[in-house]
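**Q** One-letter residues, chain by chain:
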Amino acid sequence: MSVLARTIDVTRRYGGVLALDRVSLEIRAGELVGLLGPNGAGKSTLINLFVGLRRPTSGTVELLGGSPSDPLVRRGIGVTPQETGLPEALRVGEVVGFVTSHYPKARPKGELLERFGLADLDRRQIGGLSGGQKRRLAVALAFAGEPRLVFLDEPTTGLDVEARRTLWDGIRAFHEDGGTVLLTSHYLEEIEALAQRVIVVAQGRVLADDTVRAVRDMVGVQRVSLTAAALPELPGVLSSERDGERTHLMTADADHLVVALVSSGTPFTGLEIRPTSLEEAFLHLTAPEPVTA
Amino acid sequence: MSSLILAHTRYLMIEQLRVPIGLVASSFFPAAAMLAFVVPFVGDNPVAATRATGSMMLFGAISAALISLAVSVSQDREQPWNPYLRTLPAGPLPAFAGRILTTLVAMLISVIPVLIIAAAFTTAQVTPVRLVLGLGALVAATTPFLLLGLFIGYSMPSKGAIAVSQVVFFPLAILGGLLLPLQMMPSFVQTLSLFLPSRGAGELVWWAVTGVAPNVTALVTLAAWIAVIAALAAWAYRRDEGRRFA
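Those protein sequence lines, which keep their order, are chains F and U.
Residue numbers for the first sequence follow our numbering, so the first one is -17 and each next one is one higher.
Residue numbers for the second sequence follow our numbering, so the first one is 13 and each next one is one higher.
No lab work stands behind these hints: they were computed from the structure.
Treat the hints with care, as some may be off.
Chain F stretches covered by chain U per the calculated footprint, using a threshold of three residues with CB under 8 Å from any CB of chain U [said to hold, decoys possible]:
#1 30 to 40
#2 67 to 75
Heads up, incomplete: computed chain F residues facing chain U, CB under 8 Å, no partners named [unchecked claim]:
#3 6
#4 56
#5 57
#6 84
#7 157
By construction, the Cβ of each residue, glycine as well, lies at the ideal position given by its N, Cα and C atoms.
Whenever a hint applies, use it, and build me the whole structure from the sequences.
**A** This is the structure we're talking about:
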């Protein structure tokens, strides 16, 4: 499979802040890749490097066999603007026309709007759209120029369920036609729904680059909390923490742990199991090894 | 490339025309000043009326160039739409050229009411050749103010740009002799005026529309100002690029 975009040992600093730390990765043709990580992990910096908005401090960024700073190379990519910045005075059809005028080939306007659930809004002024409609338009613009590779930064943040589904369908349809997508999100669910491959970044480094399933298992940590005087040795405990009366156990397999707990006969009260948020899972994954005194 | 410049100009023009308050503002003041000062006081003196009409056109054009460019450039820099445009397959040139062309069009629109008032209510006279020369001189004379608008727009946030461009505009217009004839001002102002870009700009336009020989010192100063402000605008542009896109 041919590589459409890659970074080779890329480091990026903003003043004293290290946003990316020697990152090397490849996006291959036909892939739908999810880029997952907490806020400030370096996701946006990585996208900005790929689309030519920023240059690496060191290392190389390659896009479609050339440099992202070359406008001709960028004919092959599509990017989503932030919907808060869309020009309010323009009509939907006008902004689509403006964007497509930059590309040699363009998707027919009606078809593009249809695919993203905007079919009746061609003549509507952008200032009069709802937040969800603006978001869908912003994502649709990434596909306007028949790109080979699309970068979607947080495409569905703040959308209701139905609007999110419409967008997901649009992204899937592009991928099924052979398009390549790099998608960032801090929703694990979104990445699961769309991506096949996931790259997890935190603190400027790639922590994992694997299939969705493998990464889900890795970050699918649950927290089992209970009150008990003393606990026996339990299977699958990744870490434990005491908080007054309560004990919190982090585990990848809560069912197994609870079965073992019950069959050990240890008395306990107030059992509570809840999925960790992705944020917590990342903290867990990226925490430095505890120092033993 | 030229089709992209056209696309950007079209988009900016649509924006400008759908929210025409900027156009109205830059046309209103020179038109009002024409009616208040020019028509009653020099309206029946052909040379003075023609010269004053040139002044008012320049007044409107400078306001359209300096203030609206400073404001739109600084506002653009604050919008997330602007980095998005940078990801489209075009360099920064089409957006930049589109911005300048749109400003020139707005400038030419803003002088229309002044021309209509001059034709209807004064004895101002101009031959077709002098009118075309005058419009050409107007565009050339506005160059330092376009550059000044860019410099302000690229150097500060929009709130600052709105204030600074207005604060710079009015004293320049008055001291350059665009609102009141210079003969009515103290002699030190008449001397100071020679070294301001607005005076050189005025001399150029008056020369074009009336044929009265210009003050050479003022024209030389104008050229020097263009060079200095161009350097400042280029510096501010590069500094902004370095901050946001390096």
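**Q** All the hints need checking, so say for each whether the structure fits it.
**A** Okay, the hints, checked on the actual structure:
1. 30 to 40: holds (count 5)
2. 67 to 75: Answer holds; 5 residues pass the 8 Å Cβ test.
3. 6: It is violated, given that the least Cβ distance between residue 6 (chain F) and chain U is near 22 Å, above 8 Å.
4. 56: Where the cut-off is 8 Å and the nearest Cβ of chain U is about 4 Å from residue 56 (chain F), the hint holds.
5. 57: holds (4 Å)
6. 84: This interface hint holds because 5 Å falls under the 8 Å limit.
7. 157: violated (20 Å)
Hint compliance for this structure: hints 3 and 7 are broken, all remaining hints hold.
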